[in-house]
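Sequences listed follow chains A and B, in order. With my numbering, letter number 194 in the first sequence gets 194, and the count goes up by one each step, no holes. So the number in my numbering is just where the residue sits in the second sequence, counting from 1, plus 1000.
Simulated from the structure, these hints should not be mistaken for laboratory data.
Within a straight-line C-alpha distance of at most 27 Å, the following computed DSSO-like cross-link-like pairs (lysine-lysine) qualify:
id, chain 1, residue 1, chain 2, residue 2
1, B, 1074, A, 301
2, B, 1059, A, 158
3, B, 1139, A, 285
4, B, 1056, A, 245
5, B, 1034, A, 276
6, A, 240, B, 1142
7, B, 1200, B, 1179
8, B, 1035, A, 285
9, A, 285, B, 1034
10, B, 1082, A, 240
11, B, 1175, A, 128
12, A, 276, B, 1032
13, A, 158, B, 1056
14, B, 1175, B, 1034
15, A, 285, B, 1059
16, A, 285, B, 1154
17, A, 301, B, 1059
18, A, 158, B, 1179
19, B, 1074, B, 1154
20, B, 1181, B, 1032
21, B, 1179, A, 276
22, A, 285, B, 1056
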Amino acid sequence: MEVSLTLSGLSSIEYGGSALRYGLVDIRPVEVSATIKRFGMKFRRITRTFEHLKPMQSFADMVTFQNEAILGTIEIPKWFDAAKLIKILSEHSIESYEKDTEWKKAVEDVRQSDHKGKPLLSLIQFAKNRFESRRDYYVEIEAERFLRSNLPLSFYNKLVIFDNTYNDFLGIMENKVRMHEFLASCARNFEMYKKRITQMQVSLSPIIDKIDECFFSYVRLKRYVSIWNARDYGELFDPKFLDIKNVDFGEFQGIFNEYNGKLRETKETLLRYDPKLLHQGIDSKEQTTRMFSNMVMLPSKSLTLKAD
Amino acid sequence: MLSGTGFVGCFFLDTSVVLSSILGQNTPRIEKLKKDSSSHNIPCYICDSVQQEIDKKVKETSDFLGNVVRETIKYHLEESRKKRNVSVSGPMTSDDILALEGLFYCFYSARKKTRVGLAPPIALIEEWTISFLAEMLDKGVKIDIDSFLRELVKSLLKLTSEIGDLYDDLVTFQKGFVKVKNVTLDSRIVSGVEMLGIHKPDCDHIASAIIHQIGTTEKTVFVTFDFNSILDQRDAIQKQFSIECCDPLYALHHVV
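The task is simple: from the sequences and hints, build the whole structure.
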């Protein structure tokens, strides 16, 4: 499957928390009663499944709403029309989502499950495994963008930290879903089962809210930079060069600081939910680490290269 | 037997100690400091100016390296190919390593003539880029200039994002062995330290430790790896401000 990740922010993969909200929180367990015939006798079979509380259409609404909110808070270049920008950016994201059959199937599997397995855990594990398998590619995208820009590397570094944070978020979600779904599977009756699933949803919602807030700031920052570096609508998703001189530095700094603040808040929230979530130490023998470790200890004034 | 012999006081950590801890450098010394701090209940503090210096150093180093890759190395590799009438998009070979050798040679000779800049950054970047490329060529990986530069930037981004996460765990969220201590600086003490030849921001770090010791009467030890500008002045600092400065290895033994 083609991964379309662009500077504009939304990719076919990263929907922030909204796709997980749709798959794990906006669902309700239901019992379905059916009459079956076996050996000439009638039996009543009750199966448990999930139904979605909101239609799939809500993703389109969410994306449009998000783009309206973002573009409502940033200055837009005079060569763009705000309404048309919202339309184009939203359509692009919706199209990516619609093409993401892999993800849609994973969500649909939850609805069609008969609760013999662990459908909710399967969904979050699918999301986590997919994200992890593509993390290297995400860093590559940022590296590529850095090389076609004059923005400092520390800017891109903060974007990669979002990936790390999103990965931590998925890890916490996985642990919570595993625990709650296990407890639900041990429920004596359907009422208790529903109660346990509701408890899971109550516990997941604030974490999803937090990652959504951070994701909004992340997308806003990326959108801001790309919009001001695109000369026309066709360039919106992949401007040829990102020039810091094309953005209003004060506004850029404000948006960047706001994103950093949200990133920090989100990391703090995740750490509160899982105090064991401390990052592994760095491999100090790795070439880049060795070089960087020596370089960072040098006085600032020595960070210069002058040739003949 | 050291336990129970009355180690009372605190450590104020310098930037070099916190960065070493994050980057996994000087591990035996850092591990001893952590063990001493934990087993004798001696807090390890870092002040505002140390936090600011860590942020600044990581950012400056990262931006500097990014620019070297994006501008200097890219330009030189491409220009060298053009001069040799070799396609810029073709796979890299040993000739490209020799082109980089020429580039670094220019830096060394410029430094020899002007004495501007120091050898370490050149040597470190040289070792990093050449080893990186030579390793790929050794493995038979066909890589063009753009992909090579992308790989260098990727490795930097992965590392700096890890540093950012570890810094937040250790300092921002205080989930490790350090505690943040807000100390209001007194310009008279800062100037006094500066007069000993200790420049900013080191004089702010030491002044924070001094002010803490005066304000709390708690024996405070300033812990650093900086031999060139702090530890070589430790006798003068102690004489004038009654604060002891030392390497992490000896920190515990200064709070007796």
